[in-house]
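Chemist: Chain A is fixed; fit chain B onto it per the hints.
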Amino acid sequence: MINKTNLFFGSASDTLFLAWMSMIMAFIATLILAGGLISYATISDWERSVSGAITVQIPTYDREGKPRGDVVQEDVETALMILRTSDGIKGATVLDDNQMATLMQPWLAPNTVIQELPLPQLIDVEIDHAAPPHIKQIQADLAEQVPQAVLDSHRFWLDSLVRLAHNMLKMIGFILVLLTLTTTFTVIYATRASLTVHESVINLVHMMGANDFFIIRQYAWHSMKQTFLGALFGFLLAIPLIIGVSFFLRTFSNDTALAIGLTSWHWGILAFIPVILAILGFLTAYKTVDCYLKRFL
Amino acid sequence: MIEQNKLSSLIAEFNGVSFRYPGGNDVLKDIHFSLEPGSFHFMTGESGAGKTSLLSLLYLNALPTKGRVRLFGYAVDQLSRRAKAHIRRQIGVVFQDFCLLNHLNAFDNVALPLRIAGVKESEIRHHVSELLAWVGLEKQMRALPPELSGGEQQRIAIARAVINRPTLLLADEPTGNVDDAMANRLLRLFLELNKLGTTVVIATHNQGLIKQTNFPQLHLSHGQLKIIPSQKPYVDMASKLFNRGGTHD
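Quick note, the sequences are listed as chains A and B, same order. Each residue of the first sequence is one higher than the one before, counting from 5 in my numbering. Each residue of the second sequence is one higher than the one before, counting from 816 in my numbering.
It is worth saying that the hints were derived from the structure and are not from the lab. None of these values were measured; they are calculated from a predicted model. Just to be clear, a hint being listed does not mean it is correct.
Stated by the list, open to error - A few chain A positions that, by computed beta-carbon distances, are all more than 10 angstroms from chain B: (1) 36; (2) 82; (3) 94; (4) 101; (5) 109; (6) 139; (7) 162; (8) 167; (9) 209; (10) 245; (11) 271.
Said to hold, decoys possible - One-sided and incomplete, this derived list gives chain A residues near chain B with beta-carbon spacing under 7 angstroms: (12) 197; (13) 201; (14) 205; (15) 211; (16) 212; (17) 213; (18) 215.
Even glycine gets a Cβ: it sits at the ideal position worked out from N, Cα and C.
Bound-form chain A, shown alone (with noise of 0.2 angstroms):
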């Protein structure tokens, strides 16, 4: 029996090449909309992480090694003072030897005495991520008070990274712009071609008093179930490699910026990928259709 959607479409011969570049569509988009997805929690990671860590040093040692005797605690407390009175800042304490110990632990020798060694005084700062402080800011109020202090901030080498992930971010949504580009085209063209091979059956069904939306609906539904079932299972082709590649880096990278996998989110904008492409399919093969009939009388 015939149902809504095989009327002109009997045979898969010109069903295939639809489904086949939907795959492909699919499958590409998929990959590329994963690296992007990676991308920009990377780079949003890398921004927390570097408004977030904000370091001030104050030297115990001049550049010829010697101590700098109690002016380091002078430094010191005109630097807290510096750094609490900035915008955008929630606090600063500077780090005993207990904590600094700790943050030494992986590159000192058990049992080492901490106070031998020629340290830096540490002060933490903590930042307010609701108001950023101006970084350069403090940087030049530093320079100018406490000229031996030394701003560790990894914004200033990261922003051109971060400028440089987001420009490719916004070239993968070029690319996805094309794809959708070429998926449109594919559809017009392959539902054109189905067309001018069922032109008689159409105009016999058209003769019989089929109103055009009787035979638009037959290309709607035809060309959207044929691109989900493409895009589904170049999806379904895309998970394993995304995975793959996801598995390896977090076993095998040492960067664990470069080892943040998909999240669940980050999946459910994936599968909406056949979602997008088989309405995009109905909508296209839907105006074409509507298009063409407009030669019949």
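Modeler: Okay, now just chain B, sitting in the frame of chain A:
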């Protein structure tokens, strides 16, 4: 909506109709005729006289290049697409080359007009099975058209044209591929539909069929139409044919 434009109760009305294909000469010239509800006409004429073109105008597959065509009282050039589709659903057409869908079986081919009209599947099953049995194809219900003979395909084409009890039935050489017995049987089907109120126009070269029934003829020659009236007063041809000892089920 559609009722607003209705001006007459005639099934079809042609006034000064001419028709030509793009780039060609007039195939039909200044045609005037009308079809009364419940009438039965044969359409005759040499090959190339314009029978198929006239039928095309009648089933709204073409518009006249000159003159006006009214179908069911509506001027066809003023109808919306939706209204045209509505009118087409009241017309059954038997095409000369059958125009069956080869990927659909006999049942689905016959059921097509009902599905287009949105009839329920249970009703479709009942009506299609009954009609296929009537044309002697109940055993070929699931066969695809290429698996059937020319005569069987023609019967499917006829069954498809009459399945939704059209108000106007147009047939282009409907008995061209069947033997005399089957031709009579199909003619009886047309007559029966005509008795039930369907207006029938059959384009044919079969003089035997015309003589048997003695209905008026729309005779086309070089694009001109001449109406040849019935030679004898009308008799109930269906009863006459049924009483001939045909294989009536």
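Chemist: Please go over all the hints and tell whether each is borne out by the structure.
Modeler: Status of each hint after checking the structure:
Non-interface call for residue 36 of chain A relative to chain B: holds, since the shortest CB-CB distance, roughly 38 angstroms, exceeds 10 angstroms. For residue 82 of chain A, the requirement that its beta carbon stay farther than 10 angstroms from each beta carbon of chain B is met, with the minimum near 85 angstroms. At roughly 69 angstroms from the closest C-beta of chain B, the C-beta of residue 94 of chain A stays outside 10 angstroms, upholding its exclusion from the interface. For residue 101 of chain A, the requirement that its beta carbon stay farther than 10 angstroms from each beta carbon of chain B is met, with the minimum near 86 angstroms.
Here residue 109 of chain A stays apart from chain B, with its beta-carbon at least about 76 angstroms from theirs, past the 10 angstroms limit. Even its closest Cβ contact with chain B, about 67 angstroms, leaves residue 139 of chain A beyond 10 angstroms, as expected for a residue assigned away from the interface. Its beta-carbon lying about 62 angstroms from the closest one in chain B, residue 162 of chain A satisfies the requirement of being farther than 10 angstroms from that chain. No Cβ of chain B approaches the Cβ of residue 167 of chain A within 10 angstroms, the least distance being about 55 angstroms, so the stated non-interface status holds.
Once the 10 angstroms rule is applied to beta carbons, residue 209 of chain A is inconsistent with being away from chain B; the minimum gap is 7 angstroms. Here residue 245 of chain A stays apart from chain B, with its beta-carbon at least about 38 angstroms from theirs, past the 10 angstroms limit. Listed as outside the interface, residue 271 of chain A is consistent with that label: its C-beta sits roughly 40 angstroms from the nearest C-beta of chain B, beyond the 10 angstroms cut-off. Annotation: interface hint on residue 197 of chain A violated; nearest CB of chain B at approximately 17 angstroms, more than 7 angstroms.
Among the interface hints, the one on residue 201 of chain A is violated; its C-beta lies about 12 angstroms from the nearest C-beta in chain B, farther than the 7 angstroms criterion. Interface hint status for residue 205 of chain A: upheld, as the beta-carbon distance to the closest one in chain B is roughly 6 angstroms, under 7 angstroms. Here the hint on residue 211 of chain A is kept, as its CB sits about 6 angstroms from the closest CB of chain B, short of 7 angstroms. Annotation: interface hint on residue 212 of chain A holds; nearest CB of chain B at approximately 5 angstroms, less than 7 angstroms.
The interface hint given for residue 213 of chain A is met, as the beta carbon of that residue sits about 3 angstroms from the closest beta carbon of chain B, less than 7 angstroms. Here the hint on residue 215 of chain A is kept, as its CB sits about 4 angstroms from the closest CB of chain B, short of 7 angstroms.
Going down the numbered hints, you'll see the structure goes against 9, 12 and 13, while the others check out.
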